[in-house]
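K.L.:
These are the residues of each chain, in order.
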Amino acid sequence: MDLDTVKERAGPRQFSPDDDMPREYREAATRMIQFHANSEIMGAYLERPFIREAPSLDRKLAYSAKTQDELGHGQLLYRAAESLGIKTREQMLNELANGEGKFLNCFHYPMESWVETPMIAFFVDGAAMRRQATLKRTSWEPYAHAMDKVVFEEGFHIKHGESILKELATGSKKEQEMVQDAFETWWPRIIQFFGPTDDDSTHHDFSAEVGLKQMTNDELRQSFLNQYLPKAEKYGLEIPDTPTIEQDEDGNYRVAEDELDWEEFFQIAKNEYDPGRGQIDSRKRAHDAVEWVRETLDEYETTASGHAPQAAD
Amino acid sequence: MIWEVFRQEGAGKYHTHCGNVHAPDREMALMFAQIQHGRRKPTHSIWVTPQQEIGEVNEDGATFGGTTDKGYRWATQYNITAAAEEVADSESEQADAEKERGRR
Ligand SMILES: [Fe+2]
Ligand SMILES: [Fe+2]
Numbered sequence: 001m002d003l004d005t006v007k008e009r010a011g012p013r014q015f016s017p018d019d020d021m022p023r024e025y026r027e028a029a030t031r032m033i034q035f036h037a038n039s040e041i042m043g044a045y046l047e048r049p050f051i052r053e054a055p056s057l058d059r060k061l062a063y064s065a066k067t068q069d070e071l072g073h074g075q076l077l078y079r080a081a082e083s084l085g086i087k088t089r090e091q092m093l094n095e096l097a098n099g100e101g102k103f104l105n106c107f108h109y110p111m112e113s114w115v116e117t118p119m120i121a122f123f124v125d126g127a128a129m130r131r132q133a134t135l136k137r138t139s140w141e142p143y144a145h146a147m148d149k150v151v152f153e154e155g156f157h158i159k160h161g162e163s164i165l166k167e168l169a170t171g172s173k174k175e176q177e178m179v180q181d182a183f184e185t186w187w188p189r190i191i192q193f194f195g196p197t198d199d200d201s202t203h204h205d206f207s208a209e210v211g212l213k214q215m216t217n218d219e220l221r222q223s224f225l226n227q228y229l230p231k232a233e234k235y236g237l238e239i240p241d242t243p244t245i246e247q248d249e250d251g252n253y254r255v256a257e258d259e260l261d262w263e264e265f266f267q268i269a270k271n272e273y274d275p276g277r278g279q280i281d282s283r284k285r286a287h288d289a290v291e292w293v294r295e296t297l298d299e300y301e302t303t304a305s306g307h308a309p310q311a312a313d
Numbered sequence: 001m002i003w004e005v006f007r008q009e010g011a012g013k014y015h016t017h018c019g020n021v022h023a024p025d026r027e028m029a030l031m032f033a034q035i036q037h038g039r040r041k042p043t044h045s046i047w048v049t050p051q052q053e054i055g056e057v058n059e060d061g062a063t064f065g066g067t068t069d070k071g072y073r074w075a076t077q078y079n080i081t082a083a084a085e086e087v088a089d090s091e092s093e094q095a096d097a098e099k100e101r102g103r104r
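First to last, the sequence lines map onto chains A and B.
At position 204 of the first sequence (counting the first as 1) the number is 204 in the UniProt record's numbering, and the numbers step up by one without a gap.
At position 53 of the second sequence (counting the first as 1) the number is 53 in the UniProt record's numbering, and the numbers step up by one without a gap.
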């Protein structure tokens, strides 16, 4: 199929591995899905320590279930990316380990304390879900199918995250102060989640033309603010002064983007931000440390007979 | 010969199994399937496949998930109004899945 036909036919779930897609399409889709898959994995590793840190058994169970989901999302997405025939799963995992694989800005920052968890589990998951819900209509069908399962599961993540936020925001004075501090640290990063204004985004035009992306960064940032800014206020969080956010008469939010640290953002985008490199390396170490588990499982699967493996539900 | 029938309601949606038809060949099977399953319900496409072509594994031969009580991993268990439309959608999909589990 030539590029003009692709653009003409571009629509929700229009293309699948049965179609002969041009290289430009397959490369753009690979870049987008690989980024998404990497982000799921890096997010899971960022949150993993909080299975142990969780203050109650319920929270521990929920956190371990959520982390399991995120890793599953990563695996599903590597499959969807692999179906484009540009890179193998192995290759993409290697790129993630050696620091070539790119992923979401928010997952480059380490998390130190339990009070920070709703910043990821509520706001970042909430922002991600806004985007993911639109990707159910992406043109690469295997990607859309992965989104069906991801979005099915995300509802739990966000409600769980909000439930932690609610607990902290209605807790002791100390807890309220700590969660406000965490919010001030994370808020600018969360705003940057959607990237800079569209004129500066290099990949959007093509991805939109071939139906891979359904909404622009600006539209997504806007709809995120519409939905989640009132939530922050509802829990008594004070919106930090920077960046300045103003509402025009139509109710739309305007973010003073030049007040945000784009130098750091682009450093992160190139995997050159030190704390982010730390995240990449610590994931690699954690992954390598359980090599023996994968080996044991492989061995078990090739030698064990008549024993159905337990489903991971 | 038995043909299993899968109906798709609209473009991009999943084909879901809706029953079977008896027919001597594929062409007839498609025709019967249209009459039986595509007349009264909005339909975008229909698939038929010979019954013996379906692969199956059932609960005797596999351990499936979704039967243990893991309340903590369901959106419906958190007493909080959904933050956004897509969160509410996800929650109602989960509620449907829960109902199906309860039916067993
Ligand atoms: Fe996820
Ligand atoms: Fe999530």
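Hints should not be assumed to be uniformly reliable.
[Stated by the list, open to error] Pair by pair, the computed Cβ-Cβ distance ranges are: (1) B:Q36 to A:K234: 33 to 39 Å; (2) B:E85 to A:K7: 27 to 33 Å; (3) B:W47 to A:E8: 33 to 39 Å; (4) B:G12 to A:G85: 18 to 24 Å; (5) B:Q36 to A:E257: 15 to 21 Å; (6) A:E100 to B:K99: 29 to 35 Å; (7) A:R89 to B:T81: 46 to 52 Å; (8) B:G65 to A:D298: 46 to 52 Å; (9) B:T49 to A:T303: 44 to 50 Å; (10) A:E263 to B:E85: 45 to 51 Å.
[Claimed, not checked] Straight-line distance between alpha carbons at most 30 Å, and here's what the computed DSSO-like set of lysine-lysine pairs gives: (11) B:K99 to A:K87; (12) A:K60 to B:K13; (13) A:K166 to B:K13; (14) A:K231 to A:K173; (15) A:K270 to A:K60; (16) A:K166 to B:K99; (17) B:K41 to A:K173; (18) A:K102 to A:K234; (19) B:K13 to A:K149; (20) A:K60 to B:K41; (21) A:K7 to B:K70; (22) A:K174 to A:K7; (23) A:K87 to A:K166.
Calculated from the structure, these hints are not laboratory results.
Here a beta-carbon is modelled for each residue, glycine too, at the ideal position from N, C-alpha and C.
K.L.:
Against this structure, judge whether each hint is valid.
P.N.:
Structure-based check of all given hints:
Between Q36 (chain B) and K234 (chain A) the Cβ separation comes to about 52 Å, which falls outside the hinted range of 33 to 39 Å. The beta-carbon spacing between E85 (chain B) and K7 (chain A), approximately 29 Å, falls within the hinted interval of 27 to 33 Å. Checking the proposed 33 to 39 Å range against W47 (chain B) and E8 (chain A) shows it is violated: the Cβ atoms sit about 26 Å from each other. As the Cβ distance of G12 (chain B) to G85 (chain A) is approximately 22 Å, the hint placing it in 18 to 24 Å holds.
Hint check: Q36 (chain B) to E257 (chain A), Cβ distance near 58 Å, so the stated range 15 to 21 Å is violated. Take E100 (chain A) and K99 (chain B): their Cβ atoms lie about 45 Å apart, and the range 29 to 35 Å is violated. Hint check: R89 (chain A) to T81 (chain B), Cβ distance near 39 Å, so the stated range 46 to 52 Å is violated. Distance hint check: the CB atoms of G65 (chain B) and D298 (chain A) are about 21 Å apart, inconsistent with the given range 46 to 52 Å.
For T49 (chain B) and T303 (chain A), the Cβ-Cβ distance of about 35 Å falls outside the hinted range of 44 to 50 Å, so the restraint is violated. Separation of E263 (chain A) from E85 (chain B) is about 35 Å and departs from the stated range, judged on CB atoms against 45 to 51 Å. Straight-line distance between C-alpha atoms of K99 (chain B) and K87 (chain A) comes to about 40 Å, which puts the hinted pair past the 30 Å bound. A threshold of 30 Å between alpha carbons decides the hint, and for K60 (chain A) with K13 (chain B) the separation of about 36 Å lies outside it, so the pair is violated.
This hinted pair does not check out: K166 (chain A) and K13 (chain B) have alpha carbons roughly 37 Å apart, beyond 30 Å. Between the alpha carbons of K231 (chain A) and K173 (chain A) the distance comes to roughly 20 Å, so the proposed pair stays at or under 30 Å and holds. Restraint check for K270 (chain A) and K60 (chain A): the C-alpha separation of about 34 Å exceeds 30 Å, so the hint is violated. The suggested pairing of K166 (chain A) with K99 (chain B) holds, with an alpha-carbon distance near 28 Å, which does not exceed 30 Å.
For the proposed pair K41 (chain B) and K173 (chain A), the alpha carbon gap of about 58 Å is over 30 Å, so the pair is violated. For the hint linking K102 (chain A) to K234 (chain A), the alpha-carbon distance of about 34 Å lies beyond 30 Å, and the restraint is violated. A distance of roughly 14 Å separates the Cα atoms of K13 (chain B) and K149 (chain A); the hinted pair therefore holds under the 30 Å criterion. For the hint linking K60 (chain A) to K41 (chain B), the alpha-carbon distance of about 46 Å lies beyond 30 Å, and the restraint is violated.
Taking the CA atoms of K7 (chain A) and K70 (chain B), the gap is near 45 Å; set against the 30 Å cutoff, the hint is violated. Straight-line distance between C-alpha atoms of K174 (chain A) and K7 (chain A) comes to about 55 Å, which puts the hinted pair past the 30 Å bound. Among the hinted pairs, K87 (chain A) with K166 (chain A) is inconsistent with the structure: their alpha-carbon atoms are about 42 Å apart, more than 30 Å.
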